[in-house]
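**Student:** Take a look at the letters that make up each chain.
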Amino acid sequence: MTEEYDVEFVETGDRKARFLVRGVTPAFANGLRRAMVADVPTMAIDEVRFIENSSVMFDEQLALRLGLVPLTTPPEGEFVDGDTVTLSIDVEGPGTAYSGDLVSSDSLVQPAEDNVPIIDLKDDQRLEAEADALIERGKDHAKHQGGVAVGYRHLQRVEVEGDLPEFEDERSQIVRGVIEDDGELVPTSEFDDDLSNRYPGKEVSVEDVPNAFVFHVETDGSFTVDELVTRAVESLEARATELEEAVQL
Amino acid sequence: MELRVTERTETELSIEIGGEDHTFMNVLKGTLLEHEDIAAATYDVNPEQSGGQTEPILTIKTEPGVDPIDALEEGAGNIRDKTTAFRNAFEAAV
Amino acid sequence: MSYKCSRCKRDVQLDEYGGVRCPYCGHRVLLKERSRDVKEVDAH
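If you read the sequences in order, they're chains E, Y and G.
Numbering of the first sequence is given in this note's numbering, commencing with residue 1 and proceeding in unit increments.
Numbering of the second sequence is given in this note's numbering, commencing with residue 1 and proceeding in unit increments.
Numbering of the third sequence is given in this note's numbering, commencing with residue 1 and proceeding in unit increments.
Worth double-checking, as some hints may not be accurate.
[To be verified] No farther apart than 30 Å at their CA atoms in a straight line, the calculated lysine-lysine pairs in the DSSO-like style are these:
hint	chain 1	residue 1	chain 2	residue 2
1	Y	Lys-29	E	Lys-139
2	G	Lys-4	E	Lys-122
3	G	Lys-32	E	Lys-122
4	E	Lys-122	G	Lys-9
Simulated from the structure, these hints should not be mistaken for laboratory data.
The shape of chain E in the complex, shown without the other chains:
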């Protein structure tokens, strides 16, 4: 069986992208989406050792906040389950401790965002802590979720049926996602999601294009969109391989 897939980018970016996939079944599209959300492992702080915490928050609250800071996740194979990276933070008030104040022992694992506030410190308050980050899957805890806004919609084909009757009022027709107009891909945001803006005075028909899905993928900064999609596909592939081998007994 040969599969024919075709991928075309509608919007490109490191952390946010939209792309169209043709020839994919709904089952596969959903498997891919779920794998991006729950099965691609990322680094996150999992244990914190507090040396000093004279701030107004409890250690447990700060530990939770530190855990939620997205960390860059090194290329696959670089880390395996159970490997840890130590990060430390030492901030004295007055001032705010930010995620950017975390100092990592490994250049591959850094806060993906420098301006996440951890805690506001007043005079004579201090936060000094050491944390261990480890690599786990979104299934285990939401802080290990690499894909934060991942979804797909059918590609919608718009065809002009003809002119509106002469005395009929223009009615707005809201469509969201990406439309295909004569082979051209147009994000609906370009015409304010309203087909009557793009085709004034025309009667149009809209239909889902079978097996064509527009994915919207946004990451938390752990890795790029390409990286997330590739790793999600690989996680599905690894399971297929495992099943194939297990069945061959």
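Let chain E serve as the given structure and place chains Y and G on it in line with the hints.
**Tutor:** Just chains Y and G now, with coordinates in the frame of chain E:
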């Protein structure tokens, strides 16, 4: 992935696939249904809170003369074809 | 055990005979200081 056959006849197979959820099972089921020697394929999972059987169970019925185990193996291979094709198409577009 | 007097803010060491009372100002409300030990917390 722990496999455990729960029922097996010449053209029917029920197999428990430990550690998997809808992510993989639905892809697998969808791919198996595309196979021409497979007459029926489905899977069932119970929620964690239900107690008892919580691992997904895949059930396949094949056309006469086709071993369901072989069909399952081919199905897994077909998923690999899909992932490879997708990855190639995606990398070409990046 | 180290405590701090809530009125005069001085450090107070308590022994088993003295009872709960600040030796400097006689105040009876003492606050326990945070231990200097490193505390390990799960970030869950």
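**Student:** Decide, hint by hint, whether the structure agrees.
**Tutor:** Each hint tested on the structure:
Between Y:Lys-29 and E:Lys-139, the direct Cα distance comes to roughly 21 Å. Compliance with the 30 Å bound is thereby established for this hinted pair. Simply put, G:Lys-4 and E:Lys-122 have alpha-carbon atoms about 20 Å apart, close enough for the 30 Å limit, and the pair holds. At most 30 Å may separate the alpha-carbon atoms for a hinted pair to count; G:Lys-32 and E:Lys-122 meet this at roughly 21 Å. Straight-line distance between C-alpha atoms of E:Lys-122 and G:Lys-9 comes to about 19 Å, which keeps the hinted pair within the 30 Å bound.
In the structure shown, no violation is registered for any of the earlier numbered hints.
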